[in-house]
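Visitor: Given the structure of chain A, go ahead and fit chain B onto it with the hints provided.
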Amino acid sequence: MSVLDSKIPEGPLDQKWTTYRSTVPLVNPANKRNLEIVVVGSGLAGSSAAATLAEMGYKVKVFCFQDSPRRAHSIAAQGGVNAAKNYQNDGDSIFRLFYDTIKGGDYRAREANVHRLSEVSGNIIDQCVAQGVPLAREYGGLLSNRSFGGTQVQRTFYAAGQTGQQLLLGAYSALQRQIGLGNVQMFARHEMLELVTIDGVARGIIARNLITGELEKHFGHAVLLCTGGYGNVFFLSTNAMGSNVTAAWKANKKGAFFANPCYTQIHPTCIPVSGDHQSKLTLMSESLRNDGRIWVPKKKEDAEELRSGKKKPSDIAEDDRDYYLERRYPAFGNLVPRDVASRAAKERCDAGFGVNATGQAVFLDFQFNMKEKYGRAEATKKGISNPTDAQLKALGKDVVKEKYGNLFDMYKQITGVDPYEEPMQIYPAVHYTMGGLWVDYNLMTTIPGLYALGEANFSDHGANRLGASALMQGLADGYFVIPYTIGAYLSTEVSRMSAEKGKSDSIDKLKTQHPAFDAALQNTQAQIHKLLSIKGTKSVDYFHKKLGKVMWDKCGMARNAEGLKVAIKEIQAIRDEFWKEVRVTGEANELNLELEKAGRVADFLELGELMCMDALQRNESCGGHFREEYQTEEGEAQRDDAHFSFVAAWENKGNGQFELHKENLEFKAIKVAQRSYK
Amino acid sequence: MSSGNMNLTLKIWRQKNASTAGKLITYQVADISPDMSFLEMIDVLNEQLIQKGEEPVAFDHDCREGICGMCSLYINGRPHGPKYGITTCQLHMRSFNHGDTIIIEPWRAKAFPVVKDLVVDRSAFDRIIAKGGFISVNTGSAKDANNIPIPKQNADEAFEAAACIGCGACVAACANGSAMLFVSAKVSQLTLLPQGKPERKERVLNMVGQMDAEGFGNCSNTGACEAECPKGISIENIARMNREFLVASLTKKEPKNSGGGAM
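Residue numbers (this note's numbering), protein chains in the order written: chain A, 1 to 678; chain B, 679 to 941.
Chain A on its own, in the form it takes in the complex:
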């Protein structure tokens, strides 16, 4: 077991980043033009990094599997983006955002990275507004904020329920500008299938042109993986259908350690599963918890009658409703962090209080705030002294519509139920993965020259991410962190290049002619050939669904040692069956969606096992990782700081063998405590 070097700069926490920026080696403009950077993924992290690096003068290539960089799944983020601007004068500060994020992550994130994230958070908002991102504003023309879970200030900036879309389109427009200027070469409908390393250093990728099926070799002095999370290992999640772990997993196989794979975020407010046909789950933004109150009936009889359709929610009297988050966590109420809210919903449903036919749903109810909060305020504004119930509702409805209109429409579209009239039914679903490739302070993985940004890395959210922090992290990494930290590495590349200048077989002369590229390409070709030649009897989806069920049942919201051991065996069996029985239709040299899926599922079948191994070694509960054996008397997650205050980074030894490496976490600026939202 080795100790990982996270390369955290010396000095006081709040000075580290400032000092680092002033002392990190630079690359002069002439040399930048000779340095090529491969960026995989075009979401918030990828687009912002690519645009910024191109602005600085580097030669950049961007790859995405969708038909346009604008489709990356960052686009679907709804609620908002955090920043410590303190525009609301409610006591926010860089330290408070840092503190909330560390505590929200259940003390399993790296202090120095999180503090840097908080420091640059304000710059993100400035940058986006300058790009023309239409964030929500107040009547005075200044930016508006709202609250998200795990905080007691209003620091979330938003654009209706489409914040991710607007931020991504901002980054996309910056990227398109650089494409237009010739500084970025864009490869849409291309999927990275292999990382190329030479003497252990990242030198490029093998990508498949998804239209022609051709395998292409692309050289880079550095490779940035901005490829998102791996929530689709569960089959059902709020991720896009194409979201996958393949790029990160291939990197893991080439030597990049995978950190904390068991840390999965189960989002409390998603539309419940309606049947076996379901292909994905839809999130209802956390922002709804600003005004929606979560409840189930107090009496089991009521729950049973709701399930059988004998009663409607409105038939349950106020006194017979259990607003269980307000009851259990009076200080934060409905705005407790996601892991806490999800487990509380599961607890009530497991106890028999679930409200839909499957028993796996709770109510998210807007009636009270629609009438009493907004309706009454509007009535006062309009001078209506004794408003009727109907008037209150009509007035409040307009306000709710303005705040959450698109989400309410989306809910109605999917369920056929009007949430202005009936409470929403919600249940937790897989949403985000805190784990990812291990990176140091520079965002470099354990492979020199290979970086991971955004959700693809592990560093900032610990064991649980707070709402509206994913967009913050993706853009922080891309706009404000990597442009500095990559200089530390590329300046050494400049020295190497000048030392090797005369050599006829130097890496820079050979580039993709280097034999390592051919070897990597042949490996990729062999896997594609193998997948197509099995010609079994079962579809790719069959295996994906089977894997997803094992993961959800045994490595989902709650885990225990016995279940995890069974899951590992089951996943191995599914994997064996996959490689004997999968049927992949079509050919290699054409657009072949089944082949694309098959490659991704093959990697999920390996990752799933590692997730279970990681969950099994972590004999504690923290954040999204809840081991049933380790809980307080009140059912809260019980950490074991003495033994588990570390990042688990897994080295892939091949043939399903992994070695665990530990990065010890030190908390100097924060007092580690039992997390409480009571």
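I should point out that these hints are in silico values taken from the structure, not numbers from a laboratory. Among these hints, one or two may not hold up.
As the list claims (entries may be wrong) - Listed next, the in silico SDA-like pairs over lysine to any residue satisfying Cα-Cα at most 25 Å (straight line):
1) K381/A <-> E733/B
2) K538/A <-> Q706/B
3) K730/B <-> K403/A
4) K530/A <-> E733/B
5) K401/A <-> I764/B
6) K412/A <-> N775/B
7) K59/A <-> A820/B
8) K535/A <-> N775/B
9) K597/A <-> W691/B
10) K830/B <-> A588/A
11) K16/A <-> K730/B
12) K549/A <-> Q706/B
13) K403/A <-> L335/A
14) K310/A <-> K253/A
15) K546/A <-> E725/B
16) K397/A <-> Y762/B
17) K730/B <-> K397/A
18) K597/A <-> V707/B
19) K694/B <-> A588/A
20) K545/A <-> P734/B
21) K401/A <-> G763/B
22) K730/B <-> Q527/A
23) K694/B <-> H529/A
24) K694/B <-> L532/A
Guide: Relative to chain A, chain B alone:
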């Protein structure tokens, strides 16, 4: 509107690749739940085809929650199907009835060539944005976000234009295959904001120039684009772009910028 499960006849455009002719092929699917999304119904068909060893139908899709803009089906003669204000992935089978025949085709437009089956190439949109759909501000040079107050009404209007998902339904709906709604939404968003003012002339001239070069047709004000837009983008944007274009054409001093806008 159906409540029980349905049997349906599907007539789907199958085309091997860009250089092969395509045709409609008829398929049957049974026991379709009204709670399924339209794309989940095609998933069911594809599972059947795979079981028979046939190639599944290729179609673009990703987020399946109406925001990425990737899904793009022309259903019974209408982009994104029979309902207003939603994308194909948000269309649910409760909008159909037992026994229905459903015709499913790709977007039809000169500037969106078919790649395979129901998949088309919409990269022309990206090239238009690369010509001017941005504000030229390098990372790190921005002032504090609250330095310039923006009237809420302008911010809201800019947001409504910015809500475009780039799916191309406007082009598919238009008899002329015009991209005016798409282009004008971006032009409007950036024109409505103070940050977008310095480049407003070059932007509209360059974007319209690229739109024409891509082979999109002219606008004849029929309004089909607005009616079929899943995000309700208004044709007022087209009027605004026409004004911007006219003013820019009459007052431009420099020759048209052929690059990606001002540095």
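Visitor: Take the C-alpha atoms of K545/A and P734/B, compute the straight-line distance between them, and say whether it is at most 25 Å.
Guide: 18 Å, holds
Visitor: Please verify whether K381/A and E733/B have alpha carbons no more than 25 Å apart.
Guide: 62 Å, violated
Visitor: Hey, K730/B versus K403/A, does the alpha-carbon distance stay inside 25 Å?
Guide: Distance ~48 Å between K730/B and K403/A Cα, so the pair is violated.
Visitor: Can you confirm whether the C-alpha distance between K694/B and A588/A stays at or below 25 Å?
Guide: 14 Å, holds
Visitor: Mind checking the alpha carbons of K403/A and L335/A for me, to see if they're no more than 25 Å apart?
Guide: Holds - the C-alpha atoms of L335/A and K403/A are around 17 Å apart, at most 25 Å.
Visitor: Holds or violated: are the alpha carbons of K310/A and K253/A at most 25 Å from each other?
Guide: This hinted pair is violated, its Cα atoms lying about 55 Å apart.
Visitor: Between K59/A and A820/B, does the CA-CA distance stay at or below 25 Å?
Guide: Roughly 24 Å separates the two Cα atoms, so the pair holds.
Visitor: Compare the distance between the alpha carbons of K535/A and N775/B with 25 Å, and conclude whether the hinted pair is satisfied.
Guide: 36 Å, violated
Visitor: For the pair we were handed, K401/A and I764/B, check the Cα-Cα distance against 25 Å.
Guide: Holds, at about 17 Å.
Visitor: K530/A and E733/B were given as a pair; does the straight-line alpha-carbon distance stay at or below 25 Å?
Guide: 18 Å, holds
Visitor: Taking 25 Å as the top limit, are the C-alpha atoms of K730/B and K397/A close enough?
Guide: 51 Å, violated
Visitor: Run the distance test for K597/A versus V707/B: straight-line Cα separation, threshold 25 Å.
Guide: 23 Å, holds
The earlier numbered hints that this structure contradicts are 1, 3, 8, 10, 11, 12, 14, 17.
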